[in-house]
Amino acid sequence: MSSPPSAPSAPKPSVFAARDLTKVYRMGEVEVQALRGVSLDLHESEFLVLLGPSGSGKSTLLNILGGLDVPTAGTVTYRGQNLTSADERALTMYRRRHVGFVFQFYNLIPSLTARENVALVTDIVERPMRPEEALELVNLAHRLDHFPSQLSGGEQQRVAIARAVAKRPDVLLCDEPTGALDIATGVLVLQAIDQVNRELGTTTAVITHNAAVSGMADRVVTLSDGRIASDRRNSVKLSPAELQW
Amino acid sequence: MVIRPLDRKLLRDLWTLKGQAFAISLVISAGVAMFIMYLSTFHSLRLTQETYYERYRFGHVFAALTRAPMNVLERAADLPGVARVEARVVVDVTLDVPDLTEPASGRLIGIDVPARPMLNDVFIRRGRFPALGHPDEVLVSEGFALARDLHPGDSIGAMINGRRRELSIVGIALSPEYIYSIRPGELIPDDSRFGIFWMHGRGLAAAFNMEGGFNHLSLTLLPGASEPDVIARLDRLLAPSGGLGALPRSLQTSHWYLDNELAQLQSVGLVLPIVFLLVAAFLLNVVLTRIVSVQREQIAALKALGYTNRELAWHYTKLSLLIGAAGGVLGTVFGAWMGSGMTAIYNDFFRFPILTYNLPANVVFGGVAVSFAAATLGALNAVRRAAALPPAEAMRPEPPARYRHSLLERAGLAHYLSPPVRMILRNVGRQPARAATAVAGVAASISMLILGTFFLDSIGVLLDQQFFVIQRQDVTVNFVLPASARSLHEVRRLPGVIGAEPLRAVPARLRSAQRSRIVSVQGLVAEPELNRVVDVTGGAVRLPPGGLVLSLKLAEVLAVGVGEVVTMEVLDGRRPVREVPVAGIVEEYMGTSAYMEIGALRRLLGEGDSLSGAFLRVDPAEADVLYQRLKGIPFVAGVSLKRSAVESFQRTIAETFYVMIFFNLLFSSVISFGVVYNAARISLSERSRELASLRVLGFTRGEISLILLGELAVVVVLAIPIGLLLGYIFAGALVAAFNTELYRFPLVVTPRTYAYAATVVLIAASLSGLAVRRRLDRLDLVAVLKTRE
Ligand SMILES: Nc1ncnc2c1ncn2[C@@H]1O[C@H](COP(=O)(O)OP(=O)(O)OP(=O)(O)O)[C@@H](O)[C@H]1O
Ligand SMILES: [Mg+2]
Chain A
1 MSSPPSAPSA
11 PKPSVFAARD
21 LTKVYRMGEV
31 EVQALRGVSL
41 DLHESEFLVL
51 LGPSGSGKST
61 LLNILGGLDV
71 PTAGTVTYRG
81 QNLTSADERA
91 LTMYRRRHVG
101 FVFQFYNLIP
111 SLTARENVAL
121 VTDIVERPMR
131 PEEALELVNL
141 AHRLDHFPSQ
151 LSGGEQQRVA
161 IARAVAKRPD
171 VLLCDEPTGA
181 LDIATGVLVL
191 QAIDQVNREL
201 GTTTAVITHN
211 AAVSGMADRV
221 VTLSDGRIAS
231 DRRNSVKLSP
241 AELQW
Chain B
246 MVIRPLDRKL
256 LRDLWTLKGQ
266 AFAISLVISA
276 GVAMFIMYLS
286 TFHSLRLTQE
296 TYYERYRFGH
306 VFAALTRAPM
316 NVLERAADLP
326 GVARVEARVV
336 VDVTLDVPDL
346 TEPASGRLIG
356 IDVPARPMLN
366 DVFIRRGRFP
376 ALGHPDEVLV
386 SEGFALARDL
396 HPGDSIGAMI
406 NGRRRELSIV
416 GIALSPEYIY
426 SIRPGELIPD
436 DSRFGIFWMH
446 GRGLAAAFNM
456 EGGFNHLSLT
466 LLPGASEPDV
476 IARLDRLLAP
486 SGGLGALPRS
496 LQTSHWYLDN
506 ELAQLQSVGL
516 VLPIVFLLVA
526 AFLLNVVLTR
536 IVSVQREQIA
546 ALKALGYTNR
556 ELAWHYTKLS
566 LLIGAAGGVL
576 GTVFGAWMGS
586 GMTAIYNDFF
596 RFPILTYNLP
606 ANVVFGGVAV
616 SFAAATLGAL
626 NAVRRAAALP
636 PAEAMRPEPP
646 ARYRHSLLER
656 AGLAHYLSPP
666 VRMILRNVGR
676 QPARAATAVA
686 GVAASISMLI
696 LGTFFLDSIG
706 VLLDQQFFVI
716 QRQDVTVNFV
726 LPASARSLHE
736 VRRLPGVIGA
746 EPLRAVPARL
756 RSAQRSRIVS
766 VQGLVAEPEL
776 NRVVDVTGGA
786 VRLPPGGLVL
796 SLKLAEVLAV
806 GVGEVVTMEV
816 LDGRRPVREV
826 PVAGIVEEYM
836 GTSAYMEIGA
846 LRRLLGEGDS
856 LSGAFLRVDP
866 AEADVLYQRL
876 KGIPFVAGVS
886 LKRSAVESFQ
896 RTIAETFYVM
906 IFFNLLFSSV
916 ISFGVVYNAA
926 RISLSERSRE
936 LASLRVLGFT
946 RGEISLILLG
956 ELAVVVVLAI
966 PIGLLLGYIF
976 AGALVAAFNT
986 ELYRFPLVVT
996 PRTYAYAATV
1006 VLIAASLSGL
1016 AVRRRLDRLD
1026 LVAVLKTRE
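Line by line, the protein sequences are chains A and B.
Quick note on numbering: the numbering used here labels position 35 of the first sequence as 35, and the sequence is numbered without any gaps.
Position in the second sequence counted from 1, then plus 245, gives you the numbering used here.
Treat the hints with caution; some may be incorrect.
[Stated by the list, open to error] Simulated restraints, written as ranges between beta carbons of each label pair:
#1 B:R934 to A:R130: 51 to 61 Å
#2 A:H146 to B:G977: 54 to 64 Å
#3 A:M27 to B:P966: 37 to 47 Å
#4 B:R934 to A:E136: 31 to 41 Å
#5 B:R934 to A:N139: 26 to 36 Å
#6 A:T75 to B:A958: 53 to 63 Å
[Said to hold, decoys possible] A few chain B residues that face chain A, going by a derived Cβ cut-off under 8 Å, partial list only:
#7 R257
#8 K263
#9 V539
#10 A549
#11 G551
#12 Y552
#13 A637
#14 T682
#15 S893
Read the hints as simulated data drawn from the structure, not as lab findings.
Values in this document were obtained by computation on a predicted structure and should not be read as measured data.
We treat Cβ as the ideally placed atom computed from N, Cα and C, and that holds for glycine.
Chain B on its own, in the form it takes in the complex (with noise of 0.2 Å):
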């Protein structure tokens, strides 16, 4: 193949940028290893999410009630738009671990042993499905026999309404309803204390007394069929045996935290990339355009012989093309060798049978487009600039730049400043666009690092809200059924109790117009000292004695405001419909929750003092025995100790965020080092002439580097506070960015994010000054007066 003589002019002019255009690269490489990244596990979660619920027949609509004959699931199954209906008994107890003293609660799924579940069917990983006739075998959910090195053959303890059972573990399984298992009520999973079981569905019936009937019943739609329509239906049916509101697969809860994540991903690798793809296109920007305006004789030649505008057009744009080729090729290999990295993080984080990374090829594509995309942005003004060069001008060697005398000399500080100084401020002031040109690209730099570390702010003021301002409880205690104020003191006098709480909480759905939501109302003595209700900037709210207090995003879900009345259907008991005004709203960073006053909310439902939880405060030294203790009482069904909650927190999700984050950090330092690499190399050849002549003048290497990387030094000084604002500002944008209702993550950027911002730049500055010096030692003094400029 011949080569073009423009194309090996190309091919020598990239070779002597060759270390502007690697940094460039490496820029665009990170902004594309961020984009395949992030959509390629997306793509891998999701494509392994579709298959696994059509292969274990996820349903469409899940509906908990109290307790249904029979025949409500024929009518149930006769419904238009219904396709399959199911019908099981689901029951949460507690867990006796001989290992942990720490109780732990395991929800009870009865199956039609030998069948399979007809929906929401298990897929085993190890062992056997439970066999006819041992009416204790059981199947247990992976995560929690991984987390309590759980194996068939081993045997678990629960408390089945009210006697301790062995369970018989036969295998290990996973299930689409519980990719993600998460105890009802709780935020945050933990795997080591929330186990499923799927055991014989006569056995659990005839041990909560649901003989010939059930609790829980899933189905699935038929094509076409309107899911709204088939809930309506469904909750009239079931409201007669206490149903507790039916859910479309949007809002069951594995399939919500899972969606969340799976938005999560798509928008973070959306977004992120396009920052870290503008800030290439900008340094292909400063470098072409640099380009462009060094070769202005040549372009002019290349005219002069014949060339068109549209070669010489497409001449340049080609030179920033190859760059973006190789960011999109690296990034594209680091991209897919990280997203198989991320994606063996999520198995550990969601339970699939198999999650095998995909890589799909749109997904490589659209890296490889946007990184051409940012080259071919990148390119624009450059070739703008050459394509409107005119020849017979460009002929004549460039006039010589204006020069005037800096702000601070004209201030009359010239006399304190020395030469060397006075040319470093002259140069800054000859070109302020250039020299701003500069500053906002490592402004732009600093602010990338504190959008990729600031999240760690973030999650810390987030836990410290969550489980120390707001959780002052050691401990929180769900009841079976909801008792009277007679188990708070049987409670209280448990050994360890320093203090407890009652807490009465209630299912119901809040309406308002078309909005609705369903969320446990919580009610809650009027100013609470253990799980208190707490404002993020207003503090600690007292409770007012009638009326809901929303958290912010549940009233923006609903779209009301204080003053305002919502319904409120209480999915419970006698489940009676109040209009109840909307008393105050709180903000609140992590999910959607209504709070009452105990006393208005017992009132609203009609009962007396009664409750569904206690919050305690535990001696730490009596902590064991009290565990052991609530084990064993019967009227107990869950345990949740916050201790655990921080662990698991910490364990998990905080996990996931330090990967992603440690990849932002290396990518933003990546791009600190392009920026302030290319910033220092254009001042360079922009320079090296006057240095020269400098040089030949005979000023030592010493101060001709210090004229250099003075104005190097200028220009950090000066990004360095625009950057940290800049990046507040950004961060600022992430954060609203972020806003869903599982979390809202708290505007915080600690000094020591900024500072480590800024440490990078300096260290980042300090390289490439290294650099930039070695090549003014090497500068070849002949060489470079030779050639006209």
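Extracted from the complex, chain A is given alone in its bound form (with noise of 0.2 Å):
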């Protein structure tokens, strides 16, 4: 039961608080706790890395900060706006205005270009970036027009950050993103990440299995069976190739 230390002392306001989070998954006979009492908050700018092992709740935390879904009991704020009391059409018009997604498995859609996945996204925003910047930023300005089946999965991986950050998102949840890659492409996707938190001052949140990514963030939270098990700030924060795997 340990009370996660609060940041009153934060450089920058709070962009998420959570208090108390539970999450429950029923399925039948069978009850599911994914998350037993989570309080957390996010400040402005912050590159967070969410760890743990399998199981301990980390996409489901990471879900329902970005309004794909709601707990069971506790709250959520975004700047000031209740996320657990929205509705449905407001929690649709918090994530298209506000949060950009990179999912485990990409999600990318399979009928639709590379260009046209980011432009799935720009379409429906206001002021985005054009889909070949934001490709331009992953380093995929030479593969526009392919399909995802034409593409490796580390690209697969870079089309997903690159629609998720075309919409100049305020916040950036990325679960995975180098899960299925290899050492140097795994670089490439988390310094596109990087570059979104740095240059458009971003607020990020990054899960992973690799501790040494943990290396690149501002503060680490580490999760363990639905409960927050340390939440530690980096006094260095490295760059992505800096990193030791």
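Using the hints, build the complex out of the two chains.
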């Protein structure tokens, strides 16, 4: 029951404030406790890395922050807006305006090319980047008209990142963006995320199984069995290229 | 124009689906084409009918009577509500057509040459109007002229009051009164044996002792006039002159048939397409629901990216609408083409001056609307699912399906089943709902096939009942006036006559409370050998010594049952009015009839051994001589031959039915192909991953095909009996919907029809199986295994 250390003296204002989040999945008779009381604040422009063993509730937490799911109990606010009491429509608008997602399984639309997958997002938001610009950012300018099935896993992941950042989101949520990638490609992907975080000041949360990645974070939170096991701040922030895998 | 990325996805999805989408479009187009075909034909006929009636001043009320002096006409004109009245002399005679040994009848209608008839005017197709001072000049109806190859300049012999007179044809004419011309007392039109002649009224009246009088009257009503009131007053006015009861336009023979036909077109045009479109909606539902479940992760991603439920719902609805629109366009084009063909067929059947095909905008609009309605209906379930999909959950891959041992295996037969057979059974058993859906779809298509074709069986039975079970006579002779028993002996002695039975038919109005019908009550011997009274289930009926035997339909129209009493107002002779009990009810397929034992009828009429006609059985070897003799007998007004009736039934009514049946058949075959192909494609898309894995494991193409096609076979085998039963039930519903005063179609589905339906589905299944097999052979193992589903 470690009460997470809140950051009263945080340098920047709070973007997310999560309080006592629990999430219970019911599958017939069986109940799965995915989150057991998580409280967490995320600050403006912060780069957060979420660590933890498989099944510890990382994706669940990220989905709740991103307005994809609602907790069973507890509250989350985004810049003062209560996400837990918001209805489906309000959550959709929240995702549309503020959140960039990078999913664990890329989730590109197979029938659309890289450019079109990005355009899917730029089509529905105000002041987006051009799709080409976003793909340039992840070094995919030469793969604009390829379909997902014609791209490698890493390339697909980078398209997913381009798609997430193209709307210039206020928060960027990435679920294992390097899970399926080799080191070199993983670095490319992380560089892209890092760049968005630095250049656009996007508040960023990245889930990873690779503890080494935490070296590039401002802050590292570890989940274990639905609880926050540790929450620490990095004194030195490494660039992705400097990470020791 | 910039295509939005989501729409690009739509177009590419559609392209991937093209085979199935096309099959569904075809089904929709079949429904729409039927809708357009039937309803545009309906509108074309309706429009033509209305203009024709209007231009040629078709009457509103028609009355036949024995004879009235001209001053009655003036009194009729003075009746409140009457606009215009016209009186005529109308008589039916036997014709002598040179190249026709069999007698034909003619109806002679007097006109006031050189003036055009004020009501029921004629349209002259060719030739000219009869001229003054040439009393033998006549106009002949187009149907008869075409059937008998008569032209202006030809002449034809008619027995006019016992004397043969030569009528010279000067023109070919049509009239709104005879768009459909049928001999009195018959149910089937026969253009080659019934002709209408318009001729000098003066001469006609003189020949039939009607000078200064008339025996037929028609009138038009003032706007707002009450038709029943006018008819009631007219009947009172005409009763002393032997009025046979005035008929409103709605019961005028030609109009009544035409209206019946139109009503039938309209109801078929509404019912059949609805059934087809429901099938299409069902197919769309299956395909789209499948797509939504395949794309669940895509949908989740789109939702996560901020697409609203409404945008996604619209996305999938659009997919359905595009398929619907393709079907709508295709169906409209086909429907218009077939509609114009069908209208042309009606032109042979009904006689109009011009029958132009007309495709009204609202019919097209209706067709497009129903195709969109089907598409929307088909999309409903899929769209609901897409909208309800929780994004966070859908991001996770679907859990592996739960398999169970199949029923047969659990029954301990596992030992005897090879692994592929086991897989087939488990696949079917794994998703019983999906398998049930596929079975339901195929069964529905089988039922459509039956629905589209069973009318052939039905008509066959109807024909047989009417012409062989009921009518066992070869010839029916009608007399000009009721004759004595002596004439029956005379007829019996004619050459070639093997047997003869008397008929005393009398026009009468049967009334029960507010309901009434004018019918010809047929007096027959108690147990006729020739023209029998036969119940469709109970067999030949013996006429009771008193009371009426009504056909079931007439009993329904009058709302009377056995033991109840109807008022019988005889419209002939002394015009007695009697309360007569209903002694029996027989179910018949055609018309509405009333029978009475001939002795009882004669007593009711206060007559001795009178008869108005006779049924004859004829020795075929001497038939020609007999016909020749009959033409010359003065008291014979008309002769009808069963053989010609059967032929003309085949030629006219059956022909239109065959055309309809052909189209129904075409469309129901399209449906069954659509359904089966879809079922096959869907199981291919669901299984391709699994099958590709099996191929990688070393299974041969043949083996994996067996798994997939075996499943299809199971579905088809289960669907056939269900579909046959369903078809029988639908056929019953359609037969019930077609129950008119004109026909009641028997509910008969022969084994041939069942076999046909099953065969078409088996062929469809084999072809679909082949198509799927070809795709399986080209299965790209790497691609299939790479994509995550
Ligand atoms: N939709 C669901 N239904 C039932 N249980 C679920 C569902 N989603 C998650 N869970 C369960 O909740 C727990 C936490 O899941 P979550 O996906 O958050 O874990 P994770 O930390 O992201 O794991 P991984 O590192 O493997 O992705 C797990 O035990 C998981 O089985
Ligand atoms: Mg996870």
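To see whether the hints hold, each was checked on the structure:
Separation of B:R934 from A:R130 is about 37 Å and departs from the stated range, judged on CB atoms against 51 to 61 Å. Look at A:H146 against B:G977: about 59 Å separates their beta carbons, and that is inside 54 to 64 Å. Range check, A:M27 to B:P966: about 39 Å between beta-carbon atoms, so the 37 to 47 Å window is met. Between B:R934 and A:E136, the C-beta spacing of about 35 Å keeps the proposed range 31 to 41 Å intact.
The hinted window of 26 to 36 Å between B:R934 and A:N139 holds, with their beta carbons roughly 32 Å apart. In this structure the hint that A:T75 and B:A958 lie 53 to 63 Å apart at CB holds, the actual value being about 57 Å. The interface hint given for B:R257 holds, since its Cβ lies 4 Å from the closest Cβ of chain A, which is under the 8 Å cut-off. For B:K263, the shortest C-beta to C-beta distance to chain A is roughly 13 Å, which exceeds 8 Å, and the interface hint is violated.
Taking 8 Å as the C-beta contact cut-off toward chain A, the hint placing B:V539 at the interface is violated, the least distance being around 10 Å. Hint on B:A549 holds. Least Cβ distance to chain A is approximately 5 Å, under the 8 Å limit. For B:G551, the interface hint holds, the least distance from its beta-carbon to any beta-carbon of chain A being 3 Å, beneath 8 Å. This hint holds: B:Y552 has a C-beta 7 Å from the nearest C-beta of chain A, less than the 8 Å allowed.
Hint on B:A637 holds. Least Cβ distance to chain A is approximately 4 Å, under the 8 Å limit. Among the interface hints, the one on B:T682 is violated; its C-beta lies about 25 Å from the nearest C-beta in chain A, farther than the 8 Å criterion. Given hint, B:S893 at the interface with chain A, is violated; its Cβ is 61 Å from that chain's nearest Cβ, farther than 8 Å.
Hint compliance for this structure: hints 1, 8, 9, 14, 15 are not met, and every other hint is.
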